[in-house]
Amino acid sequence: MSIGHTLLGLLESGPRHGYDLKRAFDERFGHDRPLHYGQVYSTMSRLLKNGLVVVDGVEAGGGPERKRYAITDAGITDVATWLATPEKPEPYLQSTLYTKVVLALMTGRGAAELLDTQRAEHLRLMRELTRRKKDGDLADQLICDHALFHLEADLRWLELTAARLDRLAEEVRR
Amino acid sequence: MSPRLWARDLALGARFAVTGGRSGVLRTLLTASGVGFGVALLLLAASFPNMLFQREVRESVRAVDGSEQVTSPRPDSFLHLSRTTVYRDDVVSGLLLRPEGDAPPVPPGADAFPKAGEMLVSPALGELLDSPEGALLKERLPFEVAGTIGEAGLIGPAELRYVAHAGFLDPENLDGRGVRFGWSVPEEPMNAFLILLVVVACVVLLLPVLVFVATAVRFGGEQRDRRLAALRLIGADTASTRRIAAGESLAGALLGLLVGLGLFAAARQFAGAFTVWDVNAYPGDVMPMPALAALVLAVVPVASVVVTLFAMRGVVVEPLGVVRTSTPRRRRLWWRLLLLAVGAAFLVPLMGDVQVTQTGLDAVSVVTGTTLALIGLTTLLPWLVEAGVKRLGKGPLAWQLAVRRLQLSSGTAARAVSGVVVAATGAIALQMLFQAMESDFTQLTGQDSSRAQIVFGTDAENAAEARAVIDRIERTEGVAGVIGTVQSTVWRPGPLKGGEEFAPMTSLRVGDCASLREYATLPSCADGDVFVFLAHGAQGNPDDSHVTRAARPGATVALRDPHPHPDEPKRPAGAPTLWRIPADARVVDSRPAPTGMYEYGVLATPSALGTAVLDEPDAQVMVRLDPSVPDAAEFVRNAAADIDPTSYVTDLKDTERDAAFSSVRTGILVGSTLTMLLVAASLLVSTLEQLRDRKRLLSSLVAFGTRRSTLSWSVLWQTAVPILLGLALAVAGGLALGVVLLRLGGQQVRDWWAFLPVVGIGLGLIAAVTLLSLPPLWRLMRADGLRTE
Amino acid sequence: MTLLRAEGLTKAYGPTTALSGADFALRAGEVVAVMGPSGSGKSTLLHCLAGIVRPDAGTLTYDGRDLTALSDGARSALRRTDFGFVFQFGQLVPELSCVENVALPLRLNGEKRKAAEARAAEWLARLEVDDTAAKRPGEISGGQGQRVAVARALVTAPRVIFADEPTGALDSLNGERVMRLLTDASRDTGAAVVLVTHEARVAAWSDREVVVRDGAARSTEWAA
Chain A
1 MSIGHTLLGL LESGPRHGYD LKRAFDERFG HDRPLHYGQV YSTMSRLLKN GLVVVDGVEA
61 GGGPERKRYA ITDAGITDVA TWLATPEKPE PYLQSTLYTK VVLALMTGRG AAELLDTQRA
121 EHLRLMRELT RRKKDGDLAD QLICDHALFH LEADLRWLEL TAARLDRLAE EVRR
Chain B
175 MSPRLWARDL ALGARFAVTG GRSGVLRTLL TASGVGFGVA LLLLAASFPN MLFQREVRES
235 VRAVDGSEQV TSPRPDSFLH LSRTTVYRDD VVSGLLLRPE GDAPPVPPGA DAFPKAGEML
295 VSPALGELLD SPEGALLKER LPFEVAGTIG EAGLIGPAEL RYVAHAGFLD PENLDGRGVR
355 FGWSVPEEPM NAFLILLVVV ACVVLLLPVL VFVATAVRFG GEQRDRRLAA LRLIGADTAS
415 TRRIAAGESL AGALLGLLVG LGLFAAARQF AGAFTVWDVN AYPGDVMPMP ALAALVLAVV
475 PVASVVVTLF AMRGVVVEPL GVVRTSTPRR RRLWWRLLLL AVGAAFLVPL MGDVQVTQTG
535 LDAVSVVTGT TLALIGLTTL LPWLVEAGVK RLGKGPLAWQ LAVRRLQLSS GTAARAVSGV
595 VVAATGAIAL QMLFQAMESD FTQLTGQDSS RAQIVFGTDA ENAAEARAVI DRIERTEGVA
655 GVIGTVQSTV WRPGPLKGGE EFAPMTSLRV GDCASLREYA TLPSCADGDV FVFLAHGAQG
715 NPDDSHVTRA ARPGATVALR DPHPHPDEPK RPAGAPTLWR IPADARVVDS RPAPTGMYEY
775 GVLATPSALG TAVLDEPDAQ VMVRLDPSVP DAAEFVRNAA ADIDPTSYVT DLKDTERDAA
835 FSSVRTGILV GSTLTMLLVA ASLLVSTLEQ LRDRKRLLSS LVAFGTRRST LSWSVLWQTA
895 VPILLGLALA VAGGLALGVV LLRLGGQQVR DWWAFLPVVG IGLGLIAAVT LLSLPPLWRL
955 MRADGLRTE
Chain C
964 MTLLRAEGLT KAYGPTTALS GADFALRAGE VVAVMGPSGS GKSTLLHCLA GIVRPDAGTL
1024 TYDGRDLTAL SDGARSALRR TDFGFVFQFG QLVPELSCVE NVALPLRLNG EKRKAAEARA
1084 AEWLARLEVD DTAAKRPGEI SGGQGQRVAV ARALVTAPRV IFADEPTGAL DSLNGERVMR
1144 LLTDASRDTG AAVVLVTHEA RVAAWSDREV VVRDGAARST EWAA
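Chains as they are written, first to last, in our numbering: chain A, 1 to 174; chain B, 175 to 963; chain C, 964 to 1187.
Worth flagging that the hints you see were computed from the coordinates, not collected in a lab. Values in this document were obtained by computation on a predicted structure and should not be read as measured data. Heads up, a few of these hints could be off.
Below, computed lysine-lysine pairings styled on DSS-like, alpha-carbon distance capped at 25 angstroms [as the list claims (entries may be wrong)]:
(1) Lys-869/B - Lys-1098/C
(2) Lys-1098/C - Lys-1077/C
(3) Lys-88/A - Lys-134/A
(4) Lys-1075/C - Lys-568/B
(5) Lys-289/B - Lys-312/B
(6) Lys-564/B - Lys-1098/C
(7) Lys-564/B - Lys-1075/C
(8) Lys-568/B - Lys-1098/C
(9) Lys-1098/C - Lys-1075/C
(10) Lys-568/B - Lys-1077/C
(11) Lys-1077/C - Lys-564/B
Restraint-style ranges between C-beta atoms, simulated for each label pair [as the list claims (entries may be wrong)]:
(12) Thr-980/C - Tyr-41/A: 49 to 59 angstroms
(13) Glu-113/A - Gly-1153/C: 26 to 36 angstroms
(14) Leu-945/B - Glu-1102/C: 29 to 39 angstroms
(15) Phe-149/A - Pro-1057/C: 29 to 39 angstroms
(16) His-150/A - Leu-948/B: 52 to 62 angstroms
Idealized CB from N, CA, C, for every residue including glycine.
All chains should be modelled from the sequences, with the hints used to inform the complete structure.
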């Protein structure tokens, strides 16, 4: 999961302090693994270096967590690109996909399209696996089937999420 | 199996029947209306004996009590005469009364004794007289309508009857003198033979109703089976599911009983509106015999349970669905044939030695044999259908679909059609029976209606009056010609010879040559001729000496009885007038008159004999009607009634077409049509049910591009094949049964084609069921059936 | 080459809108999966495309012909000759034997019984269910039944096969077998397949998919 893109996405709704960013991240995405300040600091400095964020102001007391960051136009474009690019279909993708969906909803982008794109990508791979399976021996078939079932589970999750987008949007915007 | 278990499961089933969702309720209603229809018919049939009995009761209640002879006038005595006239094929019955004192009894159904010249009429007659159709009849009844006859004086609401105060009645022209109305009511409601007849009718016409009831409790069986499968899933055992199914049927049947009682109650209100078999009854008289009614009310629910349990034999309800034993037991032939054989065994030994009036024992055998034979035939049908369709198969697609369907479940089709077999077999056999009896009864009357159509005779004071009657009839509208004679009697004059109690006598007819030729073969005839005509003993007439002892050419005859009986009230004084038969009178042969009778005696032309000398002659008129005048017969009857209200008018017919018999035949046809309609209804229901069950399949066939016509034809074949097989069986069985029944009474088959109308009805059924299934079929074919996920 | 093209299809059943402006295009010989949640209108789309149901609005051309303008009879004839169908269940006539079921579309086209059943038997063999020929649908397994149904869809050498949840009632292994035989056979004969399914593993046998959502169809890979 790309922490950088996630933090960028969180900044889209307005400039935030470093500790704000950490708290927002933990609240929404860090259910079992909260971010360290160090991670926030290093990520933000990389984004600063790449020109995706700027420092909007510093609060008295200094320290990296007291800096206020704002997203740049380049940063917004970067988030958009990230959201629009389907993830490489692989097992246990849902935390990333979830993050993407929530960010898309938070930033007013089309979450449904995101899911559709991802579904197409999943299916493309499934088609390939199916083809490989058809021509392969039993070992190939078993291996492909394993992958296929996992991908199918992801796809089902995508379907389910797509069906619940309205409710999710409500919760995110609250 | 404890009664409590039974009660619990039956109650559970009954609850499903009324709360089992839309389809469950629909199924129950279907069953209830089917059973209800059947029950109503059964109750009506059970009321028939009572209806006939009540008719007898009503008839005797209003009849004049003849048990007491009243010889002289009393304050409460009255003279009475029953008059019956025909008005355009309807019988109008009348009772003419004349009180002899001031306290005559009030006729039944009347509020008061009608005043002189007035009459009371039945509501039906009143309506007829008030309408333009009754104008001619009004002329015939010379009385003023003063009121209506109530129910107590009528047999049925549609009866045409009047009770009149006729001043012209005198002790000469009456039926009798009475002092009260009402014969004692017959004690036995009905004789044993009549009941047996009803039982035969029940067997023949009502067995299909029972079959229909049995079919009706199985309506919607497939949906029910699915529901039962769900019950198995939650732990009901097989026996329990069967009891629950029986409970469902029971609920439907009990509801059906209620519906049936309701329909019956409604139907009896209409009993008066129809006249079937000449019977037209008041609702109150349509009352089932208590024993038969109880039988119906008991048999129907029990049968519903038994039939359901029986039907569930071949079905295994598994938790996840219904398994019909995939290769159903081959239907066995032997026991079906055995039933038939036992039935025949009852009937065949009786061949030729049964009289209709014989003791009840034979009739019991007849009924048992007929019943067994009919049931045997019915059970033969499923076997026949199964064996029949097994051999079918090659043919167009629609045919293939229908045949395969029948092969897979021939039982359903056979069950529905078995009603047709019973009804048609019975109808064919009865038709043959009645046709034979009818031709017995319609033997030629010998009457020749090409020579005359109406005969009318009346007394006259003298020859001139008789002549005037003939002229009056001849001038009546619609009369093309008359054969008129003035009739009297001639006696041998002189003292009685030894052993004679009265003087030998014979008839004398005076008329023109044309009229006389109707009685005898005349070589030539001119006014002034006299003939002695002899019948030579034909038709059981006395031999010719009977005539010649009184009348021979050259003999002198007396024109009045020379030795009148001392009791004769109007004994004229003086010697009788004598007349000499001319010596050149010819002796000729009698020929059948238009009435078919060989008359005999003396024929004279008017100038051969001064008719003035005739004593109390009759006028005899045979009328040839003008066929181009409608109601010509009514004009003649009116003229006759005007001349003499107590005269008799007879119609001449070549054959005695007994109206009762033709209405019995119609009744059988109507009855079998009704039962076949029931069968058609159950066939239709099962076809529709099957179509609904196959909604998905039909839709997918439509997706394949199946034509409407293909599926329509397949429905047609599916209906037609079992019915045609059933009809074939019924024709064979009906003809055989008819032959056997005829042979019982030593009769020959008159008409081998008696089955044609029944077959026609059957074909009509096929068409009707197919046509009625088409709209739902087409609706189901609209492919909406595919969108059910 | 585009064989079947639909634009702006609309269809309502009473108050329920099943399709609201669906677009679709099918090239000869391709296998297209129509996906979407249940109730999204994918079956209705298939019924419209196959000429079973007449859409309320929109254009529908097959092989250059306007399908919406054809009479019911003409559309039936087209379905008999050019289309084949496989449904989820309940499509085999229960009282006909399997070979008679497969021969059914041929006989609807007026072919002689013998010839039709001979060809039907060939197709049963091709779908590896020749042992069911004499049996009735009630006596064979669900997987066999679906393969018989596929044989029946293919027996007329149609140009398009419409399959609505063909594996919906089958387990994975049987479903897989049906899909392999269906796609192989249709590729061999050059028939295009419109495959309605909600299962990704079934859709994975297709060349591309179309998603129907709220009555509107969206093609993800298709650029006309």
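Consistency of the hints with the structure:
1. Proximity of Lys-869/B to Lys-1098/C is assessed by CA-CA distance (about 23 angstroms); at most 25 angstroms being required, the pair is judged to hold.
2. This hinted pair checks out: Lys-1098/C and Lys-1077/C have alpha carbons roughly 17 angstroms apart, not beyond 25 angstroms.
3. In summary, the hint linking Lys-88/A to Lys-134/A is supported, as the alpha carbons are separated by about 23 angstroms, within the 25 angstroms threshold.
4. A hinted pair counts as satisfied when its Cα atoms are at most 25 angstroms apart, and Lys-1075/C with Lys-568/B qualifies at roughly 11 angstroms.
5. Note on Lys-289/B and Lys-312/B: the hinted pairing holds, with a Cα-Cα distance of about 18 angstroms set against a maximum of 25 angstroms.
6. Proposed proximity of Lys-564/B and Lys-1098/C is supported: the alpha carbons are some 16 angstroms apart, at most 25 angstroms.
7. Between Lys-564/B and Lys-1075/C the CA atoms are separated by roughly 21 angstroms; this keeps the pair inside 25 angstroms, and the hint holds.
8. Distance check on the hinted pair: Lys-568/B and Lys-1098/C sit about 18 angstroms apart at the alpha-carbon level, within 25 angstroms; holds.
9. For the given pair, Lys-1098/C sits about 21 angstroms from Lys-1075/C by alpha-carbon distance, which is consistent with the 25 angstroms threshold.
10. For the hint linking Lys-568/B to Lys-1077/C, the alpha-carbon distance of about 10 angstroms falls within 25 angstroms, and the restraint holds.
11. As the CA atoms of Lys-1077/C and Lys-564/B are separated by approximately 19 angstroms, the hinted pair is consistent with the 25 angstroms bound.
12. Our hint of 49 to 59 angstroms for Thr-980/C and Tyr-41/A holds, since their Cβ atoms are close to 54 angstroms apart.
13. The supplied range of 26 to 36 angstroms is met by Glu-113/A and Gly-1153/C, whose beta-carbon atoms lie about 34 angstroms from each other.
14. At roughly 35 angstroms, the beta-carbon separation of Leu-945/B and Glu-1102/C lies within the given 29 to 39 angstroms, and the hint holds.
15. Between Phe-149/A and Pro-1057/C the CB atoms are about 35 angstroms apart, so this pair conforms to the stated range of 29 to 39 angstroms.
16. Distance hint check: the CB atoms of His-150/A and Leu-948/B are about 54 angstroms apart, consistent with the given range 52 to 62 angstroms.
When the structure is compared with the earlier hints, no violation turns up for any of them.
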